[in-house]
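Undergrad: Chains F and U are the protein sequences, given in the same order.
Quick note on my numbering: the first sequence kicks off at 1283 and runs consecutively.
Quick note on my numbering: the second sequence kicks off at 1283 and runs consecutively.
Careful, some of the hints might be misleading.
What the hints assert, rightly or not - DEER-style ranges, computed between Cβ atoms: (1) Gly1498/F / Lys1590/U: 36 to 42 Å; (2) Gln1558/F / Pro1321/U: 23 to 29 Å; (3) Pro1438/F / Glu1581/U: 17 to 23 Å; (4) Lys1590/U / Lys1354/F: 18 to 24 Å; (5) His1619/F / Leu1577/U: 46 to 52 Å; (6) Lys1590/U / Arg1673/F: 30 to 36 Å; (7) Ala1564/U / Asp1551/F: 47 to 53 Å; (8) His1557/F / Ala1672/U: 32 to 38 Å; (9) Leu1394/F / Ala1377/U: 46 to 52 Å; (10) Pro1502/F / Gly1623/U: 21 to 27 Å; (11) Ala1610/F / Leu1575/U: 48 to 54 Å; (12) Asp1414/U / Ile1548/F: 20 to 26 Å.
In case anyone wonders, no lab produced these hints; they're calculated from the structure.
Here a beta-carbon is modelled for each residue, glycine too, at the ideal position from N, C-alpha and C.
Number of protein chains: 2
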Amino acid sequence: MSTTPLKGIRVIDLTQIYQGPYAAFLMAAAGADVIKIEPPGGERLRGRGGKFTPLSFAMLNSNKRSVTLDLKTPEAKDLLKKLVADADVLLENFAPGVMDRLGLGWDVLHELNPKLVYGSGTGYGLSGPDKDQLAMDHTIQAASGVMASTGDEGGPPARAGGAPSDLIGGVHIYAGVLSALVGRGVTGIGTLVEVSMLEAMFFTLCSEFAAYHSRGEVPPRDSSRSPSGASPYGIYQCADGWIAIICVAESHWHGIARTIGRPELIEHDNFNAAHQRRKRDAEITALIETWSLTLARDEAFALMRDAKVPVAPVKTLDEVYQDPHLLARGSLNPMNHPQMGMINLPASPIRYSNYEQVPVDFFPEPGEHNASVLGELPGISADVLADYTARGII
Amino acid sequence: MSTTPLKGIRVIDLTQIYQGPYAAFLMAAAGADVIKIEPPGGERLRGRGGKFTPLSFAMLNSNKRSVTLDLKTPEAKDLLKKLVADADVLLENFAPGVMDRLGLGWDVLHELNPKLVYGSGTGYGLSGPDKDQLAMDHTIQAASGVMASTGDEGGPPARAGGAPSDLIGGVHIYAGVLSALVGRGVTGIGTLVEVSMLEAMFFTLCSEFAAYHSRGEVPPRDSSRSPSGASPYGIYQCADGWIAIICVAESHWHGIARTIGRPELIEHDNFNAAHQRRKRDAEITALIETWSLTLARDEAFALMRDAKVPVAPVKTLDEVYQDPHLLARGSLNPMNHPQMGMINLPASPIRYSNYEQVPVDFFPEPGEHNASVLGELPGISADVLADYTARGII
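With the rest of the complex left out, here is chain F (with noise of 0.2 Å):
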């Protein structure tokens, strides 16, 4: 079909970072109008760049139009609440109050349209005895147990690299407005969608949850072995870099013995079963180290992979943002921009068979849809446009 799943969807987006703008992005890459609306001057993100707008803000900003407000004025409160009569969805992720503060928070503008879709992206959510914390990525990693899940034995806990708290946020905060939409659907109303990072996190420490609940205590920290003490599981050294070997099967044990070099062990009553490998991982790990350290990564990431077992190269950020897999999928699009020159941007991870692709468009410049978008307002002609953008309203 020659049209795309939100084709006439309207999404008023005042997200800023990395949460809410990933929802944004998501929306607009399934064929959504996303009206980014930035202060004048922009939003925070794409000055964190030093000389140029961060890569970052590029990622997460294709496909959406801008619109500059400061939301402080009378003249942009009016102009935002005339795009939001006629929007299907309003996106933000300020700290709970900020809207209301406003004087654009859910109750005003549900009640200027009803069918209005309103997602809020948080911390910590509306609710709650710590909704006012301040939160990033890298405090909900603290606050939600991966700081604790991650890191050696022994040692202090660890961030994990990335900010998969603001991204998982940010993709519920999408999933929740779509669920709303297909409600609106059969009501005719709209509502407001809440999501907390702290909460969206929650889920991805299922595993150490329940190795928490079987043993009735918490865990030692380990976090590149497997929480429920499955071996081999680890990331083995070679002479040039790292493979991750993971084992869940008795098919995959055979494949790593073999491949090994150790096909006695297979049968072998110390590796014969689970329970029997999870006494001896240590073992385990000289075992295919001892193999792994005498070839190129990915000679032994092959010789694995050929044997059927669970394996990957643990890749550098370059060979990522090159991969020859993701460039043939057309998830990484290498594109030039007139001033960050050649970047590789990267396509919605979701696909539709039956829907065309949108193809991956370079995020706005501030305000560069002032004209067009304000412009279709009543009552905004351009010598209004012209007299707020002298005044710093737009």
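Chain U: place on chain F using the hints.
TA: Same frame as chain F, now just chain U:
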């Protein structure tokens, strides 16, 4: 409203372990009728808990019904097709090609029910050179750059705690399926929705890719420090634990300097700008820990919080599992399971102000709903079900 966003949506859920079951759980929690299809004897994850069902299975399978089908038999294939004929959604997270080899692939099911939305979750996607690589959270962490970005400076790559790839993959499936249901409301036609864990993880590393792009080289690994070099940013030791602090605004630095009793550093030339602090991260860490090591974690946390610094205690797993905030919000629900005893089951991280919240209900036993679900199908009498049960078909 006394209804739910997905009331009336029927989901046939063939998924297993973490990724797919999380997608199905989120749909059930939003009110869909989720029928979990398991092999007779039950899904693999049920058996991974030793004596009892693991808590991970309980967390991911609340509010579903269970039907057992041995999909290698023609009778069970026929039952599945009958279920699909009347369903809105089918979910599966088998390796690419498994459903086709069973004669139950997208083409077959789309022909049978053109309105069906078919959600596929894989590690690497349904196309591309790496599509047939065995994938689990552990190996996707390696292939995606998460392991390369986790761990200490100068040390080996490390695994992030939890199973972020599985869960973020799952919520993308849910979001994609819902987008397809919105599209179906307009087009009348279903679609295959495809999500790969690898692609879903790419976005979580947007800070790291931005640092790589702006520097022109891969930054040294140190996941507990800021990829962009912001300082203070890290995990600081207290007398009895750790706190996580992040400083992304001058006001945060002012709060930190005052709280550690060094207000003279606020305007000191060495510290009064982000680029100055960046160069003195080790010194700043020493300044903070000179203070924090004299205090209990919760005391240090409260003082920083009161100074409006983004901070959180590094909570242990048992603390998170009994978090007063999560309990107060109803995110965690203490429930007494006949076999497992008292467990805290999480609700969906997505809430809707204008819809009924689905109360968390225990996971089903394997085949618990064979009679009620399969007995509804045309031509399937109680005698047929008894015969199928005896022959191990269901």
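Undergrad: Next step is simple, just say for each hint if it's right about the structure.
TA: Each hint tested on the structure:
At roughly 39 Å, the beta-carbon separation of Gly1498/F and Lys1590/U lies within the given 36 to 42 Å, and the hint holds. Range check, Gln1558/F to Pro1321/U: about 26 Å between beta-carbon atoms, so the 23 to 29 Å window is met. For Pro1438/F and Glu1581/U, the Cβ-Cβ distance of about 19 Å falls inside the hinted range of 17 to 23 Å, so the restraint holds. A C-beta distance of roughly 20 Å is found between Lys1590/U and Lys1354/F, which places it inside the suggested range of 18 to 24 Å.
Checked against the given bound of 46 to 52 Å, the beta carbons of His1619/F and Leu1577/U, roughly 48 Å apart, stay inside it. Lys1590/U and Arg1673/F have their C-beta atoms about 31 Å apart, which keeps the hinted 30 to 36 Å range intact. Between Ala1564/U and Asp1551/F the beta carbon distance is about 51 Å. The supplied range of 47 to 53 Å therefore holds. For His1557/F paired with Ala1672/U, a C-beta distance near 34 Å keeps the hint of 32 to 38 Å intact.
At roughly 49 Å, the beta carbons of Leu1394/F and Ala1377/U sit within the given window of 46 to 52 Å. One distance hint, 21 to 27 Å for the beta-carbon pair Pro1502/F and Gly1623/U, holds here, with the actual separation near 23 Å. Restraint check, Ala1610/F to Leu1575/U: a C-beta distance of roughly 51 Å satisfies the suggested window 48 to 54 Å. The hinted window of 20 to 26 Å between Asp1414/U and Ile1548/F holds, with their beta carbons roughly 24 Å apart.
Hint violations for this structure: none, all hints satisfied.
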